[in-house]
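**Q** My request is simple: use the sequences and hints to build the entire structure.
Residue numbers (the UniProt record's numbering), protein chains in the order written: chain W, 1 to 336; chain A, 1 to 336.
If you are wondering where the hints come from, they were derived from the structure by calculation, not from laboratory data.
Check the hints yourself; a few may be wrong.
As the list claims (entries may be wrong) - To give an idea of the chain A side of the interface with chain W (calculated C-beta under 8 Å), a few residues:
hint, residue
1, A113
2, L246
3, G248
4, A249
5, V259
6, G261
7, P262
8, D263
9, M265
10, A266
11, R271
12, L273
13, L275
14, G277
Unchecked claim - The following label-pair restraints were derived from C-beta to C-beta distances:
hint, chain 1, residue 1, chain 2, residue 2, range
15, A, G241, W, H107, 28 to 36 Å
16, A, D109, W, A299, 45 to 53 Å
17, W, G145, A, R14, 34 to 42 Å
18, A, R325, W, G69, 49 to 57 Å
19, A, T110, W, T59, 52 to 60 Å
20, A, D311, W, G173, 52 to 60 Å
21, A, D58, W, G145, 29 to 37 Å
22, A, G241, W, N206, 32 to 40 Å
23, A, G241, W, N315, 32 to 40 Å
24, A, R14, W, N206, 21 to 29 Å
25, W, L68, A, N206, 28 to 36 Å
26, W, H107, A, G296, 53 to 61 Å
27, A, N206, W, G37, 47 to 55 Å
Glycine included, every Cβ here is placed at the ideal spot set by N, Cα and C.
Number of protein chains: 2
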Amino acid sequence: MTTFTSTEIQLIRRPQGWPVAEDFRTAVVDHPALQPGEVRVRNEFISVDPYMRGRMNDTRSYVAPYPLGEAIKGGAVGRVVESASEELPVGTAVLHQHGWMDGVQAHADTFRAVPEIPGLPLSLRLHILGMTGLTAYVGLTAVAGLKEGDTVFVSGAAGAVGSAVGQIAKLLGAGRVIGSAGSAEKVTLLTEKYGYDAAFNYKDGNVRELLAAAAPEGIDVYFDNVGGDHLEAALDAFNDGGRAALCGAISAYNTTDRVTGPDNMANLITRGLRLQGFTLGSYLHLGQEFSERMNGWFADGKIAFDETVVDGIENTVDAFLDMMRGANTGKMLVRV
Amino acid sequence: MTTFTSTEIQLIRRPQGWPVAEDFRTAVVDHPALQPGEVRVRNEFISVDPYMRGRMNDTRSYVAPYPLGEAIKGGAVGRVVESASEELPVGTAVLHQHGWMDGVQAHADTFRAVPEIPGLPLSLRLHILGMTGLTAYVGLTAVAGLKEGDTVFVSGAAGAVGSAVGQIAKLLGAGRVIGSAGSAEKVTLLTEKYGYDAAFNYKDGNVRELLAAAAPEGIDVYFDNVGGDHLEAALDAFNDGGRAALCGAISAYNTTDRVTGPDNMANLITRGLRLQGFTLGSYLHLGQEFSERMNGWFADGKIAFDETVVDGIENTVDAFLDMMRGANTGKMLVRV
Chain W
1 MTTFTSTEIQ LIRRPQGWPV AEDFRTAVVD HPALQPGEVR VRNEFISVDP
51 YMRGRMNDTR SYVAPYPLGE AIKGGAVGRV VESASEELPV GTAVLHQHGW
101 MDGVQAHADT FRAVPEIPGL PLSLRLHILG MTGLTAYVGL TAVAGLKEGD
151 TVFVSGAAGA VGSAVGQIAK LLGAGRVIGS AGSAEKVTLL TEKYGYDAAF
201 NYKDGNVREL LAAAAPEGID VYFDNVGGDH LEAALDAFND GGRAALCGAI
251 SAYNTTDRVT GPDNMANLIT RGLRLQGFTL GSYLHLGQEF SERMNGWFAD
301 GKIAFDETVV DGIENTVDAF LDMMRGANTG KMLVRV
Chain A
1 MTTFTSTEIQ LIRRPQGWPV AEDFRTAVVD HPALQPGEVR VRNEFISVDP
51 YMRGRMNDTR SYVAPYPLGE AIKGGAVGRV VESASEELPV GTAVLHQHGW
101 MDGVQAHADT FRAVPEIPGL PLSLRLHILG MTGLTAYVGL TAVAGLKEGD
151 TVFVSGAAGA VGSAVGQIAK LLGAGRVIGS AGSAEKVTLL TEKYGYDAAF
201 NYKDGNVREL LAAAAPEGID VYFDNVGGDH LEAALDAFND GGRAALCGAI
251 SAYNTTDRVT GPDNMANLIT RGLRLQGFTL GSYLHLGQEF SERMNGWFAD
301 GKIAFDETVV DGIENTVDAF LDMMRGANTG KMLVRV
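**A** Structure below.
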């Protein structure tokens, strides 16, 4: 019998504000003998995502808080290195939700085999061909009700979700698509790579004024990854009947101050606006539809993407924090 | 040829905060000779409504601001006293939008004949059988998507719209219906007359705590007439998938301070909530459906209502201000 050891990052204390090193611990796990039905997987890439910050808090949410003393759960891709399951022979590429660890031993049911695309890394299953792409797609379609010709505004537009939103919006028939990001380099990427018609650096001034200048005829759809001043700016820019898909509010995830909402909520009434929050769990039934369309777009070369890769399981917490500070372009990943 | 004179209340200055007497003027109008197609109408009741405050401002909205120097437009009911139109003979009861005046001369096209209900005043066309009732109905159905068994929370529940919302919600199959109002007397009316299962006086303490106590299992639908702390409390009380119909925000209509939004907008994302603002103009196509159902409920004695009546066109501004301060129970009206 071979031994199997893995290193994982556990949450040991609930962060107050920005997480710090002391909120986590690195643990080495010696796994017991492989049981029938189980497999051992060596991860290749681990996903760090904004939603994970919410799960570190002990507050009511759509999913339970992360338990203290356990590894942070989340998306990862890897390869089966030892198998006691006929479904997943050694060598199979798999996607799973076991999270922040370099290897995992568990029942084959907890892994999903994914087809490999020649010349491309497995990591795409963690973003453009996976949950991130699906988030962009359902936010635009089922949540915001995108219509042909709509002007769309996307905040956090150079991030993993945002970079997909702009491209998918254009492919679905949006008119003008406007994005915001936090550096001049990202703004250039938005218009030159991700299909945005206009973009601005939100650090250049007042977001309300920057958006008004970029969208002189108003916006119809807002895909919100940021919240705060971006949501407020969108409420001012909305045309009558505007719709927001609220996907994230990264501006508020790490503050301990009381966050106040938009000062212009009254626009919801006078302009007949809709704000719809969402998490992917309610829209997984659209996964098949998304995959068919995305695979087609991808095969036609219509989808661009970026990855910001950090090496080493030991750097996972730093990668997570860097992502929340906006250090990434496209998807932030840890390569194991 | 007979002469026809009317008294009207005109807006002459845009109010800052709470309107004051100097923002209005009373004008006596001598009307010219009646032209073919025109009628002269003596009003019986004039409506004063919260939305009128918004139209007194010079800000972008779903309808144009009231022009300065003209009478305040709005709902009124009266009777034709002189007619040069075959459609509207003398004596016809009519509903119209000419507004704050004791009489009006205009083309017959601008009036709608309404059937009279024996023993009941024409004023019902200005509330439970009119726009107010329709507002309650479309807010619950088309806007909030009320489902059988839903727990519903209504703010401003003893007002014209709110008193209709509770009853209609129960008739449409809601489970528990909870209302808030601003006095012990109103709270009693909510549960004893308007069909509410539970009610609280929002002046008794913190709205969040009062609502949490009244809705220990959470709410599914919120019909908002108030905004501010009520909307914030609702966002905390919402079950997953909750939906708010935002109809009014009377708490903010007369403030000149910067209003901040709810401090818990993040709940929209984590619980998959929807906030949908609306004004009646987008839902007038549901008027026929509403009338059929409401007429049936009304004939079956299932609809209770109240009117708070102020006499005299010269008291219209005071009636309007009293209504915004919550002095009314049910519909606030001016009897001419």
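**Q** Under the criterion of a CB-CB separation shorter than 8 Å, is G248(A) in contact with chain W as hinted?
**A** Holds: closest Cβ of chain W sits about 7 Å from G248(A), inside 8 Å.
**Q** If you check the beta carbons of R14(A) and N206(W), does the distance land in 21 to 29 Å?
**A** Once the Cβ atoms are compared, 26 Å apart, the range 21 to 29 Å for N206(W) and R14(A) holds.
**Q** Regarding D311(A) and G173(W), is the given constraint of 52 to 60 Å on their beta-carbon distance met?
**A** holds, 58 Å
**Q** Hey, does the V259(A) contact hint survive, CB to chain W under 8 Å?
**A** holds, 6 Å
**Q** Does the Cβ pair N206(A), G37(W) satisfy 47 to 55 Å?
**A** Holds - the Cβ-Cβ distance for N206(A) and G37(W), about 53 Å, lies within 47 to 55 Å.
**Q** Given G277(A) was flagged as interface, is its beta-carbon under 8 Å from a beta-carbon of chain W?
**A** holds, 3 Å
**Q** Do the Cβ positions of D109(A) and A299(W) conform to the proposed distance bound of 45 to 53 Å?
**A** Cβ of D109(A) to Cβ of A299(W): about 60 Å, so the range 45 to 53 Å is violated.
**Q** Hint D263(A) vs chain W: min CB-CB distance below 8 Å?
**A** holds, 5 Å
**Q** Assuming the hint says 34 to 42 Å, is it satisfied by the Cβ distance from G145(W) to R14(A) or not?
**A** Between G145(W) and R14(A), where Cβ atoms are some 36 Å apart, the hint holds.
**Q** Per the CB criterion, is M265(A) less than 8 Å away from chain W?
**A** Nearest chain W Cβ about 5 Å off; hint holds.
**Q** Would you check whether L275(A) satisfies its interface hint, that is, whether its CB is within less than 8 Å of any CB in chain W?
**A** Hint holds; L275(A) Cβ to chain W Cβ min 4 Å, cut 8 Å.
**Q** Are G241(A) and H107(W) spaced within 28 to 36 Å by their CB atoms?
**A** holds, 31 Å
When the structure is compared with the earlier hints, violations turn up for hints 1, 16 and for no others.
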